[in-house]
Amino acid sequence: SAVISQKPSRDICQRGTSLTIQCQVDSQVTMMFWYRQQPGQSLTLIATANQGSEATYESGFVIDKFPISRPNLTFSTLTVSNMSPEDSSIYLCSVRLAGYNEQFFGPGTRLTVL
Amino acid sequence: AQKITQTQPGMFVQEKEAVTLDCTYDTSDQSYGLFWYKQPSSGEMIFLIYQGSYDEQNATEGRYSLNFQKARKSANLVISASQLGDSAMYFCAMRAYGGATNKLIFGTGTLLAVQP
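Protein chains in written order, with the working numbering: chain S, 1 to 114; chain P, 1001 to 1116.
Since the hints were derived computationally from the structure, they do not count as laboratory data. In this text the structure is predicted, and so the values were computed from the model without any measurement.
No more than 30 Å apart at the CA atoms, straight line, and that leaves these computed lysine-lysine pairs for DSS-like: (1) P/Lys1070 to P/Lys1016; (2) S/Lys7 to S/Lys65; (3) P/Lys1003 to P/Lys1103; (4) S/Lys65 to P/Lys1103; (5) P/Lys1003 to S/Lys65; (6) P/Lys1103 to P/Lys1070; (7) P/Lys1070 to P/Lys1003; (8) S/Lys7 to P/Lys1103; (9) P/Lys1103 to P/Lys1073.
Next up, chain S with everything else stripped away, as it sits in the complex (with noise of 0.2 Å):
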């Protein structure tokens, strides 16, 4: 397995205001994606984070609203951007590593905006 760290591990922020998320891992993973998870919902996937080029957004979300960065294979940001209410989730980091099936998440960061 990989072990995954993220940062910051919570957060209260006002509205309006953004926040970066970093995930790192420690090891070369093949692929990395953020996932958000709303208050009593399932997962949702954000985008896939794609090294050295622009990540690839799920219907709904938009680059503007989640720039993602990924300058090398074991670290990404997530930021979120102009937050509302409405933003309030846990935001999870997941990989997967070269040749195997399984895909593991980080610990998540717990986002409150008020």
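Since the structure of chain S is already known, use the hints to place chain P on it.
Here is chain P on its own, set in the frame of chain S:
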């Protein structure tokens, strides 16, 4: 379109008993994988078990086993000898390997409460 269905919003089980969490799926792909995750109240997603569509044997990992019935498109999770620490939300997920995005999609989850 791919879909995961978990019909049990919540389940109770007595400590030390076995429990089955239901999961059905829908996909037109022949090659796919099925996953179960545990999410305690802390929010982390813990990988439990994986079953490939071409695996002939049901997957097992310690107290977890996956009852895979391909013709019925079901992939139920069986937890044997339940423990208080098993109380959590459980998600079934699927990834189809034939599609362009190859992404993991989730069911709505089942909240399991283990009673002493």
